[in-house]
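All residue numbers for the sequence shown refer to the numbering used here, where the first residue is 84 and numbers rise by one.
Some hints could be false.
Derived BS3-like pairs (lysine-lysine); straight-line CA-CA distance at most 25 Å [claimed, not checked]:
1. Lys236 - Lys99
2. Lys319 - Lys180
3. Lys99 - Lys175
4. Lys91 - Lys319
5. Lys319 - Lys236
6. Lys175 - Lys95
7. Lys180 - Lys91
8. Lys319 - Lys256
9. Lys236 - Lys95
10. Lys175 - Lys236
11. Lys319 - Lys99
12. Lys180 - Lys236
13. Lys236 - Lys91
Derived from the structure by calculation, the hints contain no laboratory data.
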Amino acid sequence: MVAPFFGKYGTKIGPKLLYNGGAYLQGICGLAFGFLTYIDNVDLFIGLSYLLRLDLKYLTNQSTLISIIHFRALGGIADVAAWGAIISILLKLFPDKVSSILSWTEMFFGLGYMLGPALGAFLYEVGGFTLPFVIVGSIGIVVATSLLFVIPKVEVDERKVADKTLTLMDIAKSPAIFLPFLDLLVCFFGNGMIASMLEPHLSEAGADSTQVGFTFLIFGAVFMVSAPLAGFLCDKLPYPSLVSVLGNIILATAFIFLGPLPSINITPSWQSITTSTAFV
84 MVAPFFGKYG
94 TKIGPKLLYN
104 GGAYLQGICG
114 LAFGFLTYID
124 NVDLFIGLSY
134 LLRLDLKYLT
144 NQSTLISIIH
154 FRALGGIADV
164 AAWGAIISIL
174 LKLFPDKVSS
184 ILSWTEMFFG
194 LGYMLGPALG
204 AFLYEVGGFT
214 LPFVIVGSIG
224 IVVATSLLFV
234 IPKVEVDERK
244 VADKTLTLMD
254 IAKSPAIFLP
264 FLDLLVCFFG
274 NGMIASMLEP
284 HLSEAGADST
294 QVGFTFLIFG
304 AVFMVSAPLA
314 GFLCDKLPYP
324 SLVSVLGNII
334 LATAFIFLGP
344 LPSINITPSW
354 QSITTSTAFV
């Protein structure tokens, strides 16, 4: 909801200020979330959880997922501010390496996604609910402070921005813009379904907790490796859209066998699900 706001007014705020502010807010939200365990009032606990960053799952039993809510008020604002600003800064500094810059940022996203669950589980075993958030939140605040001195101040030519104002109607009328956005929407539908339904699907196939963790590890590792490779190919190929076409074909094929489709006579197993998830 706040992404269009930062897209419109981000140039007035300034990418450096926007990124530093978002980075600090990310660290503060992570640190504060760890202390929610000391709140005894249920309503206050849920309210602050929504305010900071809450991924809430409603389960009827251990294997059936009814719905999943991703509601992160301050956390969502921080993520959007920091993510959009750092992309703007990097593209300004490296205008000839657009695909590579985007892919490398995605690679580090995949690295965090891969290591986060394992590190969080280890810290939880050592120090309970509070320790993972205190460690990660504190590191976030230290890094945000360091970024004050490292991130360069990037000036944006507001006249050039004003000449290229993009409205929702412009997007809807331009297939060259609308179709990539639609493609991105479908891809995130897939990622959202993976995040919410993969664990119950693996449990139904007989996977234990270690195997479930390994599947998510493989998912993040493949994402981390393939992101810079895709960026390299997009920078080198005369028609970068071919990479997107190939990716969509692989994604569709992976989902066919991930379920699998009822018409395919395959019994889901940990091996088949993990292999399909890797290709997703």
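Now the hints, each set against the structure:
no. : hint            : in the structure
1   : Lys236 - Lys99  : holds (6 Å)
2   : Lys319 - Lys180 : holds (10 Å)
3   : Lys99 - Lys175  : holds (12 Å)
4   : Lys91 - Lys319  : violated (32 Å)
5   : Lys319 - Lys236 : violated (30 Å)
6   : Lys175 - Lys95  : holds (16 Å)
7   : Lys180 - Lys91  : holds (24 Å)
8   : Lys319 - Lys256 : violated (29 Å)
9   : Lys236 - Lys95  : holds (13 Å)
10  : Lys175 - Lys236 : holds (11 Å)
11  : Lys319 - Lys99  : violated (30 Å)
12  : Lys180 - Lys236 : holds (19 Å)
13  : Lys236 - Lys91  : holds (19 Å)
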